[in-house]
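Undergrad: In case you want the letters, here they are:
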Amino acid sequence: MRLVVVGNGMAGSRLVSEVRTRDPHMKITVFGAETCRPYNRILLSNVLAGSSRPEQVRLVDPAWYEAHHVRAAFGSAVAHIDRETRHVVTADGRREPYDLLVLATGSDAVVPPIPGVERAIPFRTLDDCERISGAAERARRAVVVGGGLLGIEAARGLAGRGLPVTLLHLAGHLMERQLDVEAGEVLGETLAGLGVEIRTGVSASGIEDDGVRLADGELVEADLVVLACGVRPVTGLAAEAGLEVRRGVVVDDELRTDDPSIFAIGECAEHDGTVYGLVAPAWEQAAVAADILTGGKALYRGSRLVTRLKAKSVELAAMGETQLGEEHAEVVRFSHRARGTYRKLVIRDGRLVGAILLGESDAVGTLTQLFDRGGPLPGDRAGLLFPGLSSAPVADSPTLMPDAAKVCQCNNVTKGQIRACWEAGARDVNAVATATRATTGCGTCRDAVEGIVGWLCEQEGVAV
Amino acid sequence: MPGSDVATKAPTKTHCPYCALQCGMEIGPGLEISPRTDIPANASGALCQKGWTAGELLTNGERLTAPLLHGEPVEWDVALDYVAYRLSAIRAEHGPDAVAVFGGGGLTNEKAYSLGKFARVALATSQIDYNGRFCMSSAAAASTKAFGMDRGMPFPITDLGDADVVLLAGGNVAETMPPFVRHLTGPRMIVIDPRRTQTAKLAWLHLQPTPGTDLALALGMLHLAIADELVDEAYVAARTTGFEEVRISLASWWPERVERITGVPVHQMRQAVRAMAAVDKAYILTGRGAEQHAKGTDTVSAFINLALALGLPGTYGSGYGCVTGQGNGQGGREHGQKADQLPGYRKIDDPAARAHMAKVWGIPAEDIPGPGRSAYELLDALGTPGGPRALLLFGSNPVISAPASEHVAERIGALDLLVTCDFVMSETAALADVVFPVTQWAEESGTMTNLEGRVLLRNRAVAPPEGVRSDLDVLAGLAERLGEHRFETEPVKVFDELRRASQGGLADYSGITYERITEETGVFWPCPSPGHPGTPRPFLDSFATPDGRAVFVPVQHRPPAEETDADYPVHLSTGRVLAHYQSGAQTRRIAQLVQAAPEPFVELHPDLAEQLGITAGDIVRVSSRRGESKAVARISDAIRRDTVFMPFHWEGANRLTNPALDPTSKMPEFKVCAVRVERDS
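From first to last, the protein sequence lines stand for chains V and S. Per numbering that gives the first Met the number 0, the first sequence starts with residue 0, numbered consecutively. Per numbering that gives the first Met the number 0, the second sequence starts with residue 0, numbered consecutively.
Bear in mind the hints are in silico, worked out from the structure with no lab data behind them. Quick caveat, the model's predicted, so the values are computed rather than measured.
One-sided and incomplete, this derived list gives chain V residues near chain S with beta-carbon spacing under 8 Å: (1) Ile41; (2) Gln55; (3) Val56; (4) Val59; (5) Asp60; (6) Val305; (7) Arg307; (8) Glu314; (9) Ser360; (10) Thr365; (11) Asn411; (12) Gly442.
Have a look at the derived ranges for each label pair, beta carbon to beta carbon: (13) S:Val278 x V:Gly216: 55 to 63 Å; (14) S:Asp566 x V:His327: 28 to 36 Å; (15) V:Arg176 x S:Thr184: 48 to 56 Å; (16) S:Val491 x V:Thr20: 52 to 60 Å; (17) V:Glu449 x S:Pro529: 46 to 54 Å; (18) S:Ala354 x V:His67: 34 to 42 Å.
C-beta: ideal position from N, C-alpha, C; glycine also.
From just these sequences and the hints, can you work out the full model?
TA: Now the structure itself:
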C-alpha cells in the first residue's frame, strides 16, 4: 500500500504518526506546502505573545521521518490529483503514485476584500507569527481585526508585549459563536483590564498607512494591523479533481470522500454538514482515518467542541450549546462581573450540553469531562459550579466533635477514647499518647489532641 | 514458647515487620514493642498502629507449627522428602522450567538471595519472579533508564524535611507509612491522587486526575514548565541528554488538552509547576498510584523528565524518588529473585554478570538459566501446556494480591504441585499440597534494605515456636535432597555470600557487615569496600549512566488498557487502608487492626451513590469483565464522581483488576479498570 498525505500541518502530521503506529511498513509520503517542519498551531499565540520561541512549537523531530521511513517533502505544494492513474502532481511537476490519498490541506485565513488590506498581516501561520512579532517590536499601536478566539489571543499577546491594542469586532459581542452576550461583555471587560481596547459592532472599511478606517469614517490609529477574520477550508485541489465539495470536502463516517481511495480530514473536511476549526476534532478524525487506512474498523460520529482560550490571565472555557435559552433547557448561571467571573451551565435531560466558564475555576476540568462523556449530572448544580461547596464542614472543634469521631487515624483513637483516658487521669498530650498511642504515628493530630485535652480541662475546671 | 529466651535480657533492637519505612523498634522481654529513636525513618519515636501491635503476630495463636502434607501435619523430613521427590519427578518428565519459584518483597535480603540461587543452581529453572513485580517494577525500570540505577530514594529520608516543595504522585503515605509524614511537615506538599486521601488532606495543593491519566498530567506540567520558561537550562545542558527530543514530543501535550483528559484545571497544573520551579529545594516522588499501570514505566519517566527539566535529581536537597512499598521492596529487587536479574542488580543476560555469578556459585556460566517469565506471566502460565507444573511460593499470597485473582487461583489449581512457606494459613497456603511453617520477623535475623536504600539489620528477638524453621532451612533442605550442598542456613553466612555476589554490581553490598549496620544504624549501598562510608546520595557528582548524564526519555500518554463504556461505566481504583498490610494475611489476624478496619468496602461519591440508589452501609456489587465482588458502600466526597475505590487487603478487589501489563516493567494495571456498580438486591 502506498499512502500519500497532502498537507503536513496539525491534521496531516498527526495522521502520519497515527498510521505509522498502526502499520510499521506502509509506504508513506507526505507533502507540506510550508517549507518548515510541522508545528503546533495551538501554540502560535504563545509565540506571538513572546512566551515561546518559534522552535519550541515544532511537532516532529527532523530525525523522526527517517527513523520511521516516512518520505516528507517540505515546501512542496500539490497542484493536481490525477484520479485516473492515481497520482498526485506537485507544482514543480513531480508525480507521486498513491493507492490511498488523504487530503489534510487545512484552511486559509480569510482576508476581507477592503482597500489597503495588503498593509495588514493575517494571523495564521508560523511565518505570519514571526512577521507580526517582528513588526510589533517597531510598532507603537496595534489594531486586531476580528474578535474571535484567534483575534483575542493575538490582541492579548500584543498587549502583553506592552503595545496598546484595539480589537475591532463586527458582531455585538466577542466570540459570539461560543459565548452569550453577557459572557462576551465580561470577557471584554477582562481584556480591557489587560490593556486591550474593545470595539464591538464596528466594521473595517479600509486599511490605511496610519490605521484602520471604520465604515462610519472614523480612523482607528495603528501602525500594525493584524487580521483574524476567520478561516476558509482549502478545497481547490479536491474541487478541481471533481470530488464533492460544499464548504469543505465532503466525507462520510470513515472520512472518505466520494472517491473511495481518497480521504479528507481536519479543517478542509466537511462531515455531516460541519467543518471543524479546532485541533481536537482533527486529531479524532486522524485516529479514525488511520484505523480505516490500515484495514481496521472505526467510525467518526462528530466531535464535542470545547473552546479554551489561551491568553495569559484570561481563563475561558466554552463548550457545546451555550446560547440555549431557558425555554429549551435548564440554565444555571453565576455572574460576578466585578471579578471577571461568569459561569453558565446549559442542561438538557439531566446532561450537560453546554457551559461557559470565565475566570479561574476549579470546576473546569470536571465540567469538561461531564460534557465530553455526556454522563448524568448530579442533582446539586451549585456543587458543580463551586466544587467543595457541598462538602460538609468538618466539626473539628472539640465541643462539636462527636465521641465517635476519629482523632488519630494512625492509631484509630476516637474523641471518646481520649475523653475516657482523660477521665482516668491523663491530663496532657503525652499522657494521652502513652495511654492511647494517639499522636504517635504521623503526628498530624497533635493539635487536635491538645485541643481536646485543653477543652476537657477547661470544662472540668482542672488546672493545667 | 515464644519469648522464652528473652525473659531476662534487654530489649532487642530490630525493625517493624511491615512496610518499606522499616521503622526502628525494640522488642522487650514481654514482647512489648517500643519505637527506637536511632533510626532516622522514625527517629521521633513514631510508630503506626500496625507497628505498635506487631507483637501480636508472635502470639496470636494462628501460627503454623508443623509442615502440612495435603492438609495433614507431618514430620519435616517427610515433607522435605516428598517435595524433593515430586520436584525431581516433574523435572525429569517436563524439564527444569516445569518448576517455578515465586518470591516476595517482604523477604530478607538473605532469603531473596538464597531463593534466586536455589532457582538457578538447585532447580536450574529460569522460572522465578516475585510479587515486587506488582510493586516497584515500573519505577525501577524508569529510574534505570534515566539514571542508570534504581535506588528508590537516592537520598536519606531526612533530606525531605528540608525541602521547600515535595510533589507526591500517587502515594498515600499518611495511611501506608504514617511516620513518613513527619518528614513532610516542613515542605509545601503537592499531592496527585484521584482521591482526597489522608495524605491529600495535608497538601497545599491537591490535583485530582481521572484514574489512568497521571502520564498526561506529567506531560502537561512539563509542557508548562517549558512554555513558561521555568526549565533549568544550565542543569539540562550540563547534566542530561535527550532534552531536545522530549521538548518536541511535548508540543502535542498543551495544558488545555491535558485538562480535558485529566480533569485537572490548567491553573492548578501551572500552580504546581511554578511552586516547584520557584524554590531551591524540591522533590518529586512517585508511588503505586502512578506506577501500577500498563503504562507505569512511561508515567514515571514523564515525572522524571519533569524533575530533570527543573534541575532536581542529583542536586543536594532536591531529587526524584520512588516511595517503595514492601518491607524489603528495595533489597528484594536487587539480589536475584527477579526473572531478569542476578544479585547486585545485575542483568541476567549480561555475560560479565553471568561469569561473576558462576564463579561465586561454583558452576559453569552456561548452566545459569536465562530470563524467565515475569510475575503475572508466570502465574498465568501455571499448569498450561509448556508452563510450570510445580510452584514453590515464598512470602507471597497471590490468590489475594494478583490481578484477575480468580483466574490466578484457577491457574494455581491446575498445578501438579504447590508448595508454600508461610507462618499463617494464607489463602494461597490453603490451596497448597505442602505448607512449610517458617519463622517470621522477630524470630530470625536478617537484613532489609529500606526505601532509602539503607541496609538495616533485623535481630532475632525470640525463639521460634517448636516445629518452625527458617525459609533458609527449607531451601537448604530441599537443595540437599536435590544433590546441592552449597546452601547456608545461617543468615550472616548467607549475607557474606551475598556480599561477594553483589561485589562490583550496581547494588554493591560488599563493604557492609552486620557489625557495621549495628554500629552505624544502617549503611547505604553502594558500599564497595569495608572502608567505604556507603553512599547516601549517589547522584550528586554523576549519574550511573555510561556518560554520567541523566537521560530524558520521550514518552506519550495513552488511555488505560480498559476504558469505561456503557456496560462498565465507572473507574475502579484500588489501594490500601492504614490498618492493613498487603494481602492482609498478617494484619487481618490482629484484633486491634481488625477492629480498626474490619471489612472491605467500596468508596463512592455521594452523587454517584444517588444516581445508583445506594446509601451508606448498603452491600454493593462491583463487576468487571473479570469477575465480581461485593462489599459495603462507604460514601465520601473525597473521591471523584466517576470512580470507586476498593482496598485490596481482602479477597475480592483483585477479582476485578486488569492484568494488562506494562510492556517494559510487566506491571499489571492494578490502579484502573472499568466496572459496573449496583446495589445488591
